[in-house]
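Enquirer: Spelled out from the first residue to the last, the chains are:
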Amino acid sequence: MKDVSVLTGSRGYSSWAWILQAASGIVLVVLVTLHMAAQHFSGQQGILGYREVVAYLRNPVAFVVETVFAATVIFHAFAGLRAILIDLGVSGDAERRLSLGLTVLGGAMFLYSLVLTLVVVTR
Amino acid sequence: MAGWFDARRRRLGMWAFVLNRITGLLLTLYLFVHFAAISALYLGEGAWDGTMRLFRTPPFLAFDILLLAALLYHGLNGIRLSLLAINVGVPRQKTVFWSLMTTGALVLAYCALRIFRVLPS
Chain G
11 MKDVSVLTGS RGYSSWAWIL QAASGIVLVV LVTLHMAAQH FSGQQGILGY
61 REVVAYLRNP VAFVVETVFA ATVIFHAFAG LRAILIDLGV SGDAERRLSL
111 GLTVLGGAMF LYSLVLTLVV VTR
Chain E
2 MAGWFDARRR RLGMWAFVLN RITGLLLTLY LFVHFAAISA LYLGEGAWDG
52 TMRLFRTPPF LAFDILLLAA LLYHGLNGIR LSLLAINVGV PRQKTVFWSL
102 MTTGALVLAY CALRIFRVLP S
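Protein chains in written order, with the working numbering: chain G, 11 to 133; chain E, 2 to 122.
Treat the hints as calculated values from the structure; they're not laboratory data. Just so you know, not all the hints are guaranteed correct.
To be verified - Distance ranges between label pairs, derived from CB positions: (1) E/27 with G/24: 22 to 28 Å; (2) G/114 with E/12: 36 to 42 Å; (3) E/15 with G/111: 27 to 33 Å; (4) E/88 with G/70: 36 to 42 Å; (5) E/61 with G/106: 38 to 44 Å; (6) G/115 with E/88: 34 to 40 Å; (7) E/38 with G/105: 27 to 33 Å; (8) E/48 with G/111: 28 to 34 Å; (9) G/70 with E/84: 39 to 45 Å; (10) E/34 with G/64: 19 to 25 Å; (11) G/24 with E/40: 34 to 40 Å; (12) E/38 with G/39: 19 to 25 Å; (13) E/59 with G/48: 19 to 25 Å; (14) G/102 with E/12: 30 to 36 Å.
Glycine included, every Cβ here is placed at the ideal spot set by N, Cα and C.
Next comes chain G alone, as it looks inside the complex (with noise of 0.2 Å):
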């Protein structure tokens, strides 16, 4: 494998974190893809209305294919931010207070994103 700092341009970012990045990315691609043909580009006028949303997240497989969507979205996001915010300088004891914020947000939103599909399909 090349060295991929070459590629990203990033100081200080180690190859896991890019490995895991690039994984999560090619992931994201089939994901993306089937949410889009989902959610956007089927029902009525493609845009799902209210029901069509609930009776499609009823659907265990479309449940467990947004719920892992949600998780790889938030953490290929914030990997990249961390990543951007890394190679423009932040280093050291601010590294950590960035990766431990990134990591309680992208939790957040996760669990947000778990509750309401969750509120959704007991209805």
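With chain G's structure known, arrange chain E on it following the hints.
Expert: The following block gives chain E in isolation, referenced to the frame of chain G:
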């Protein structure tokens, strides 16, 4: 960050890298907007369907196309970067880049036609 926009002696790969970061930042910002929008599901059928009616208006549909363009660029360029990392297509990376961008443009054109066909008559 100002260095991202310094055009002196900038090669295609570097522009691709800068655009990848810009689209990544825009998509991350959109993620927060998307989470706020889907909160209408919690408020019930009236709130959701009202929000979706707003999203079917031409300005929002045009925004959808810009969003899709950013998504396609970021995804396809990400595939290119992953291929380069495992030494696939390195000697022909410009060809790989332009092939993926052409594919993205065709997909975007198809999706734009699909999106604007949903305009209420």
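Enquirer: Against this structure, judge whether each hint is valid.
Expert: Going through the hints against the structure:
The hinted range of 22 to 28 Å is satisfied by residue 27 of chain E and residue 24 of chain G, whose Cβ atoms lie roughly 25 Å apart. The supplied range of 36 to 42 Å is met by residue 114 of chain G and residue 12 of chain E, whose beta-carbon atoms lie about 39 Å from each other. In this structure the supplied range 27 to 33 Å holds for residue 15 of chain E paired with residue 111 of chain G, their Cβ-Cβ distance being about 30 Å. The hinted range of 36 to 42 Å is satisfied by residue 88 of chain E and residue 70 of chain G, whose Cβ atoms lie roughly 40 Å apart.
The hinted range of 38 to 44 Å is satisfied by residue 61 of chain E and residue 106 of chain G, whose Cβ atoms lie roughly 40 Å apart. A hinted range of 34 to 40 Å holds for the C-beta pair residue 115 of chain G and residue 88 of chain E, which are about 36 Å apart. Checked against the hint of 27 to 33 Å, the C-beta distance between residue 38 of chain E and residue 105 of chain G comes to roughly 32 Å, which is consistent with it. The given range of 28 to 34 Å is respected by residue 48 of chain E and residue 111 of chain G, whose C-beta atoms sit roughly 31 Å from each other.
Separated by about 34 Å at the C-beta atoms, residue 70 of chain G and residue 84 of chain E break the suggested range of 39 to 45 Å. Here the CB-CB span from residue 34 of chain E to residue 64 of chain G is close to 22 Å, well matched to the stated 19 to 25 Å. The beta-carbon spacing between residue 24 of chain G and residue 40 of chain E, approximately 35 Å, falls within the hinted interval of 34 to 40 Å. Separated by about 23 Å at the C-beta atoms, residue 38 of chain E and residue 39 of chain G satisfy the suggested range of 19 to 25 Å.
Between residue 59 of chain E and residue 48 of chain G, the C-beta spacing of about 24 Å keeps the proposed range 19 to 25 Å intact. For residue 102 of chain G and residue 12 of chain E, the hinted distance range of 30 to 36 Å is satisfied, since their beta carbons lie about 32 Å from each other.
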